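Here are the chains, one letter per residue:
2 protein chains.
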Amino acid sequence: MNKERQFSVKRQTALQDLKLPDDLRTLDHTQCIALCESIRRILISTVLKTGGHLASNLGVVELTLALHRNFHSPQDRIIWDVGHQAYVHKILTGRVGEFQTLRQENGLSGFPKPSESPHDCFITGHSSTAVSAAFGIAEAFRIQGDPHYAVAVVGDGAMTGGLFYEGLNNAGKSRSKLIVILNDNNQAISKNVGAIAKYLSKIRSSTGYVRAKWSVERVIGKTPAIGSKLVSGLKNTKDRLRKNIVQTTLFEDLGFVYLGPVDGHDLEALDEVLSVAKSYQRPVVVHVQTIKGKGYAPAEENPGEYHGVPRTSSSGNGLSRIDLDEKNPEVSVDECYSTVFGKALTALGKRDQKLCAVTAAMKYGTGLQFFAAAHPDRFFDVGIAEQHAVTFCSALASMGMLPVFAVYSTFLQRSYDQILHDTAIADNHIVLAVDRAGIVGEDGETHQGMFDIPMLTTIPNVKIYSPASYPELEVCLSAALYQDQGIAAVRYPRGSQPVNIPLPAETVLSHQDGGGILLITFGRISANASKAIRILHENGTACSLLRLVTVFPIPETAIRIAMQYQSILFLEESEASGGIGEKMAAKLLYSGWNGSFRCRAAEGFIRQSTADRCIEQLGLSTDDIVRLVKETEQNDDRTP
Amino acid sequence: MNKERQFSVKRQTALQDLKLPDDLRTLDHTQCIALCESIRRILISTVLKTGGHLASNLGVVELTLALHRNFHSPQDRIIWDVGHQAYVHKILTGRVGEFQTLRQENGLSGFPKPSESPHDCFITGHSSTAVSAAFGIAEAFRIQGDPHYAVAVVGDGAMTGGLFYEGLNNAGKSRSKLIVILNDNNQAISKNVGAIAKYLSKIRSSTGYVRAKWSVERVIGKTPAIGSKLVSGLKNTKDRLRKNIVQTTLFEDLGFVYLGPVDGHDLEALDEVLSVAKSYQRPVVVHVQTIKGKGYAPAEENPGEYHGVPRTSSSGNGLSRIDLDEKNPEVSVDECYSTVFGKALTALGKRDQKLCAVTAAMKYGTGLQFFAAAHPDRFFDVGIAEQHAVTFCSALASMGMLPVFAVYSTFLQRSYDQILHDTAIADNHIVLAVDRAGIVGEDGETHQGMFDIPMLTTIPNVKIYSPASYPELEVCLSAALYQDQGIAAVRYPRGSQPVNIPLPAETVLSHQDGGGILLITFGRISANASKAIRILHENGTACSLLRLVTVFPIPETAIRIAMQYQSILFLEESEASGGIGEKMAAKLLYSGWNGSFRCRAAEGFIRQSTADRCIEQLGLSTDDIVRLVKETEQNDDRTP
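Read top to bottom, the protein sequences are chains X and C. Each step along the first sequence adds one to the number in the working numbering, with nothing skipped, and position 41 is 41. Each step along the second sequence adds one to the number in the working numbering, with nothing skipped, and position 103 is 103.
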């Protein structure tokens, strides 16, 4: 143990000197085991500091090493689905030196990022994309006559997404050199849901058959001209049996060779199964069983809690690090918009038997654990399946139920057609609780909630609220449920409400007339705008604030108020194109208003940093707003 | 035969007097057969006149009758996926009298429409939604303590869509009274693709096993306390066998009871299997085999051609009825935007080995049959799987290939997150050939292509072209492929280019200065605007035209030109909210312009009619534009 420790310490240092990933193929078994140990240490010490996904990465240490020993990245292409399990991959492809910059401004991304390394061949911030992507790569290889492999590593959580199935279905009939590694940790994000999870556990419990099958196929795969009569006889029996029973596994039904299950922490077994997988000239699924949190007791015992670990130092958005000793996520979560929403909905659900709550594998993240506990009959975790979640809600609504789909802004993007075609055309009444709306910070481009407003405002029959405090979230939720028809969305940011900014709880707007330039904003930026106005007033600059709570359709009152001013500054924590500022400007022009209008909003994708820093980069911090008002004042003076 | 014919004629008349669908349960077998015959006659004579989906409806005559005899609609809810196979359902639920108004203005919709009848419980213009919808309904029944059934009738084409799988996965573990009828006609829209199709044919060919299984399960289902030792023994053997081999069919893997396959034209077999299906207290899949076009020789022989039948009288959009005797769709299709696109892409593909073409089950509809024939290696029909299509394209692009996804505007809505997250963030270069952009006419709300512009303009790194003629389509396609980066979309309408309107082939814009009011428009409306200006000039009204070809990002030149005018009229065959008019207005205001700006665009969903009538309803016909210019002139005069 002591000796091993010494070795691994040496190896840990050595990681930075190895030619990665190529040198990994030169290591012997003992060295590999020691390397895995040192990787786990790096993961634990770094991620507890930087925040990020700990448990899932602890689970894939051996698998990642085996992949890089058996495939030649970046010529062979490895795609991680979802990408938050790619930390070990980053460490093993020469990024251990920067690993402590994980998820920080200008640091390593928490997800694969082609601009960061040639070993990150496809962006996978959202789940269930890897089979489609890997099949595209494999088909390009085929057309280009390139003999390399495309490997998709898919977590079992990602298997509930329809895109995963679309990819399998399309790839299954091909002759592509596509290998799908099913990383089955039986956990998904909180706890896996749906029939596919049940099905996996069924496969797992029948190792006898599949192992036998694997050996047969393996021998056949390795010796194209079958020598042994025994093997050939065994194969024929299996074939006859299979023909009789239609098919064996779901993956074979879809045209794949199925190998497994294999212990994902047994390096020799992994080496073996991967070399067999490579011997086929057609798509293969390798079923690997891993333990989420492997090697770190607290995470192994409670992987859900260590799925996403916040940063140690509070990033100013009110989220503190989850208490490491706390085992019950139902009580361990700090008060934030999500929990306020969840508790409010639970209370409403007590009075209203029609109320249903739906999540796509984000029960804790969206604060729905309270509703699930209180009203299990009307709570639905549909798995990572945002399309289905919305169509399902629309159907519940068509039956007189009152469904609320709580979802992160970025993942709602998956539901565009279901909101538009399956819900809006029929004018079914559903409520979207859009969590993580606006900047989310460290997860970067793939997770910022910058598109829900542009996306939802293209759809007829949609109303959008953007509350700026907990009490306002509650009144908006209640209005969305009981005053509105069609699709009503209540959007709120990640984290907690602003401190010391008492805002009246409105559902339409609040207006604070101080003459001068009119600031218009909504949601989280309201607090910054309020602070800015206080500073400006103290400096003797006249300035007014129009805070929208109903942001779409833009309230007529808001247009009337705006028309009383000659200079408007619109501040928007959302994309400019298709945003509320753009719509407000158009409305004002249509109404014959001809003052000066400036809009400060996001343009393009926002890179990772703390939420506060991201907001600064958008130019929407309190200081930015003060500066912007002064600039605007000067410009307006110059153009009378 | 003669006697039967007499009877059916009588029955056909009588259909209008029957209390539908309840009286269907009183018919004997002979009456049922006669009824089916008369329904087929109604279908053929009507659809050849009105246009619509003939072959798929001919295939479900017996199935629809059986469903309405075994379930009590509208208490039991039947959902058709995709909804174009619901004509027989409409006839059998009391709408035979209006059936000749199918797909016409104020007539019956070609899809289920809740506002039309309580028997149409869910809108299903897009495919693969029915399991999600039916499961939502079934869960509402459960919560409400209602004993009724939710029935989803899913065509095999819809089975490639990920949403279908998400629904199955979520429903499979439930105890819902959900029955999924798999309407397997082995055709999909053109020809089914993907592993699931192959899989279905495998099941079909193993009827021995599944029939046996069905009988066993059936007896067990009907007699909860099993009497016969034989049956129980048989079941045990099966169970042991199944446990050994992990599972049987894919549907059972996902938690459903599987029954079938059953001959979908055998009324007695259908009655039997449906009554068995109802005996379970959990989700059931009933696999029904039907023949697309059944009972009408031309359609039965060539169902692809009769999938969508255009109206007999040309509707002014240049599409004429497909020649009934023509068997080869590759030569039978009239010249239209789709074929011009398809032929141009095929020619480019000859010179460029990197060029790939992708369709989601719309090879003929999008004009890709030419490319498929010339470059089969680089042609991909992924099935109805628009999410996968885009992610797959993005992956091809990441490998240096040049993929073009040809897709109808309305179906592109399914790919929003794949365009945004899987493609735009990485700035992968793919081309979207957006067919049926703008008004499509008779298919109504669910199929109008009114959202591609609002949707795509919310996504960074997107460029959009809207050509107004065939030559312009070709230059735009070439620019999108070889001059642009990121996502380049070329959108064009259903049908053919305008007659006698020679427009210069541009890729940015064309400007025709005649003073007065500036009309700004793009795409199909350009022709109407040109005509209107000619009329206005003849009447002595000054008027100018700015025709955008690159519509997004709005070219800077367009803003500069617009700022030279004091009155602008923006004409847009697309949704107003998030549209180009709105963005142009905002840009002009930001630039300090303060003239008069009016925008005429679509607001909300556009109901079915001919394309010309729909455009009139938007106020975008030539006459409308002339009138609008005159009105604007008068208004401008009043407000100097």
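Because the hints were derived from the structure by calculation, they are not lab data. It cannot be assumed that every hint is accurate.
Here are the computed distance ranges between Cβ atoms for each label pair [what the hints assert, rightly or not]:
1. Lys49/C <-> Arg175/X: 26 to 32 Å
2. Asp377/X <-> Thr26/C: 54 to 60 Å
3. Asp612/X <-> Asp377/C: 25 to 31 Å
4. Arg607/X <-> Gln483/C: 25 to 31 Å
5. Thr30/X <-> Lys350/C: 38 to 44 Å
6. Gly145/C <-> Thr101/X: 41 to 47 Å
7. Asp377/C <-> Ala297/X: 50 to 56 Å
8. Ser275/X <-> Pro553/C: 24 to 30 Å
Please read these numbers as outputs of a predicted model, since none were measured by experiment. Backbone N, C-alpha and C fix where the C-beta goes; we use that ideal spot for every residue, glycine too.
Is 26 to 32 Å right for how far apart the beta carbons of Lys49/C and Arg175/X are? violated (46 Å)
Beta-carbon spacing of Asp612/X to Asp377/C - inside the hinted bounds 25 to 31 Å or not: violated (52 Å)
Is the gap between the beta carbons of Gly145/C and Thr101/X within 41 to 47 Å? Distance hint for Gly145/C, Thr101/X is violated at roughly 57 Å.
Taking the Cβ atom of Asp377/C and the Cβ atom of Ala297/X, is their distance within the range 50 to 56 Å? Check passed, 53 Å falls within 50 to 56 Å.
Okay, Asp377/X versus Thr26/C on CB: inside 54 to 60 Å? Given a distance of about 39 Å, which is not inside 54 to 60 Å, the answer is violated.
Could you check the hint for me, namely that Arg607/X and Gln483/C are 25 to 31 Å apart, CB to CB? Holds - the Cβ-Cβ distance for Arg607/X and Gln483/C, about 28 Å, lies within 25 to 31 Å.
Could one say that the CB atoms of Ser275/X and Pro553/C fall in the range 24 to 30 Å? violated (50 Å)
State, for the Cβ atoms of Thr30/X and Lys350/C, whether the hinted interval 38 to 44 Å holds or is violated. This hint is violated: roughly 57 Å between Cβ atoms.
Violated hints, listed in ascending order, are 1, 2, 3, 5, 6 and 8; each of the other numbered hints is respected by the structure.
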